[in-house]
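Number of protein chains: 2
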Amino acid sequence: MPLDNPRSDFSAWYSEIILRAKIVDIRTPIKGSNVLMPNGYEIWEAIKNFMNMRFEETGHKNAYFPMFIPEEFLTRESEHFSGFVPEVAWVTHVGDKKLTNKVALRPTSETIMYYMYAQWIHSHADLPLKYNQWCNIIRWDTKETRPLLRDREFFWSEAHTCHPTFETAAAQVRESMEIYQSLFDALCLSYMVFKRPKHDTFPGAEYTIAYDAPLPNGKMLQIGTTHHLGNNFAKAFDVKFLDTDEETKYVYQTSYGISTRLIAAVLSLHGDDQGLILPPAFAPTQVVIVPITFKDKVEEIVQASRELAQIVRSWGYRVTVDDRDQYTPGWKYSEWEMQGVPIRLELGPRDLKNNAVMLVRRDTGDKLVVSRDDLQNQLQSNMEKISTDLKSRADETLTSITKEASTFEELSSIMNSSEQGLVATNWCANVSCADKIKEELSAGVLGERHDVEEEPTGNCVVCGEEGKSRIYVASSY
Amino acid sequence: MPLDNPRSDFSAWYSEIILRAKIVDIRTPIKGSNVLMPNGYEIWEAIKNFMNMRFEETGHKNAYFPMFIPEEFLTRESEHFSGFVPEVAWVTHVGDKKLTNKVALRPTSETIMYYMYAQWIHSHADLPLKYNQWCNIIRWDTKETRPLLRDREFFWSEAHTCHPTFETAAAQVRESMEIYQSLFDALCLSYMVFKRPKHDTFPGAEYTIAYDAPLPNGKMLQIGTTHHLGNNFAKAFDVKFLDTDEETKYVYQTSYGISTRLIAAVLSLHGDDQGLILPPAFAPTQVVIVPITFKDKVEEIVQASRELAQIVRSWGYRVTVDDRDQYTPGWKYSEWEMQGVPIRLELGPRDLKNNAVMLVRRDTGDKLVVSRDDLQNQLQSNMEKISTDLKSRADETLTSITKEASTFEELSSIMNSSEQGLVATNWCANVSCADKIKEELSAGVLGERHDVEEEPTGNCVVCGEEGKSRIYVASSY
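These protein sequence lines map, in sequence, to chains U and B. Start counting the first sequence at 1; every next residue gets the next number (my numbering). Start counting the second sequence at 1; every next residue gets the next number (my numbering).
Keep in mind the hints are simulated off the structure, nothing from the lab. Zero decoy hints are in this set.
Identical copies carry no separate label here, and so any pair may be met within one copy or between two of them.
Restricting the straight-line Cα-Cα distance to at most 25 Å, the calculated cross-link-like pairs of lysine-lysine (DSS-like) are:
#1 K48 to K22
#2 K235 to K61
#3 K332 to K295
#4 K48 to K61
#5 K31 to K61
#6 K436 to K198
#7 K22 to K240
#8 K143 to K102
#9 K22 to K61
#10 K31 to K219
#11 K332 to K130
#12 K61 to K332
#13 K219 to K143
#14 K249 to K130
#15 K48 to K130
#16 K102 to K31
All figures in this text were calculated on a predicted structure; none of them were measured in a lab.
So that you can see chain U by itself, here it is in the shape it has in the complex (with noise of 0.2 Å):
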């Protein structure tokens, strides 16, 4: 059965691949609260191990801190914690007892790291600090949810520094910054860097990076966030050190974090009406090999795939040889095709004899009869030029739902047409201006842009005052 094209109809697209390719199944007892399946869990540990490598390359440490956070931590920082309010879901009960205090599932850990931090920090010798922790987080949202993109239960990773200064705090929200664009050029995606408006700033922190990546359907996704905290958090949460001076004085502090959203933007933004096409660097299976056997040679084909299959796993590869012989040859391409294999190989009784084999390109389709000496590389070569060419594709949607308004009309055709977009245009910096966007358009205002310098071309779409910004709206996920 045909997928609907992810351009023309993503919600319908999207719900269908992520079960097709086996990346979540929602068919549990409790919505929202979905199994990751094979393929979609080995997406998010080839995320990790890149960005371990990253993190281990930059001085941060691994670690990991209860799920349980206690009342009164999430009060301490009230400012911080009333976003949180709505969807914290709370343990009461243990076996058949109540418990004297109720307990908090951690919808994010600053409160029960910071705890831990003041125990730790005692000097400017422990600066900087930087932990990560990779884990589960609850945000139970009640209404609607959505596979990867909102769930009750998802994995993150959220990094959490410590500095003297706010400039030596400012220069960890760049290495961060530095790091996940390393990510996320190496995930093919295209994505804005934006400085969120003041109002929607993380609770407690000073500025807000976020990092907005397109979908085919003209939404915006926010793939990741970076922090500045200030020290906001460090006299809510009492860390401090005795610095040179031998003054006390509280830290500065960031956090960043990016979560298995990631996935749902590299899902969309590569996909397309066949199915999945994933990064070459993050697909669970790099290498399909399907052997195309004739009566009397099936044994010689299917031995002579798995030899194959040996030596470009010796090349570093991860390779899969479909050699199940109750499926057609085509009914396997439109498998691997569904679950994005970026490169099929066919091992038929004619490449055999010719000592060659058939290279298929999964992004576009194309065919290329390769001789065993020259495999290893046209793999690495193709495997490259995907990466290349699915990065030029999504710069490509970014381009093509990029736009721009100067009135409020143009903003509404465009927000209410159905391809939407990503506006460009400018903004007083009022609230309530960008409040009737949102309650108006659906939309939200991004911020400006933090990787490129703009200035304001014109008055405030809205109320037609002075442009204090140039700013990006969207309607996003």
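Once you have looked at the hints, place chain B on chain U.
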């Protein structure tokens, strides 16, 4: 400050080493819900990597199932559930709203996994199905907690497999035993494999195989279990398949798991009064390089140490250079000995001149001047020797605590002594006799050995009736 001796005061030694070697920090707001510190986290990651390789070789797939379990799931297999009831943490509220149905945090995942299996398995072609999950587990013990040994939140691996027959499931039990034994051997552990007595079989299982390791205080620690589940759960969760004979049948299942308890076994069995001794393959830092600097040569020695680290790293080792200038070499030696780093390299001006380096083994303290040309070989052979010697030392611990009793007086006298021990004896197989051992001696019947065939050698150690099986008794964590 020196440590206690793990043999003379294990509890004090363990509490201190866990904190000082940066394995776990228990100074958290909720007891039994601790921070897994970077060194502990890295050991667990190394265990995961080892297991994931073995899982891939043997056709297991990793996935992740929800941590939220509906109440009615836990009552479906009531025999199974009753054992967990007192420790289950319940989510009853989200924000300030009460949930219609309270939700359990997984104390184990049979119920949610088999609910999904019932949807995934249709025919014999879907079998065997072998899924593993790495996750956090909640068992809210309201009484005693002890880091890594009994936590309210901990990590584990739980594999759950489905098979067409009792015998193919039994073969899977054997595969799991082979996988675990390869892991325990790589961790240089000593252990025995037991078939647990009927009264101590996992609720809902046909039989339970358990792996028990000795601790220096003469107690035993269960470091893993494998269960043959028969088709009890399949019936409760309706997991059926159409067999080749066109009949619909219930699947047969197995499950097996290891947890962060395993880290406790590794630390306790190998550690000494200088701190940890980590098995080389799993040590977060395998080689530490300490520059022995003199006033006029500081830069030169530190630079040479960093260059040496690059070379040693290129041989595949995890290396740290301790070039902190506020500490003396002697202080650093103690610090890294505490953390159990298997090999220390000392580099001073004379070594530099002689193109040599001092190699020091953590386990024996042996020192060896090694020429740079010979360093790669010496590192390899010393790492191997450390592993072999750790394993021998662990085996000696097991041998030294293994005792024999033929009367209840002998058994009592051993269990009441400060050394305690693992006691081989005989049992009539009546639960009442096991109960008496439990009540009067605070010890348990671990079962018959499963790795070695043994016949009863006398009458029941409790009642004096005919001995039906040769069993082992110990006090366990």
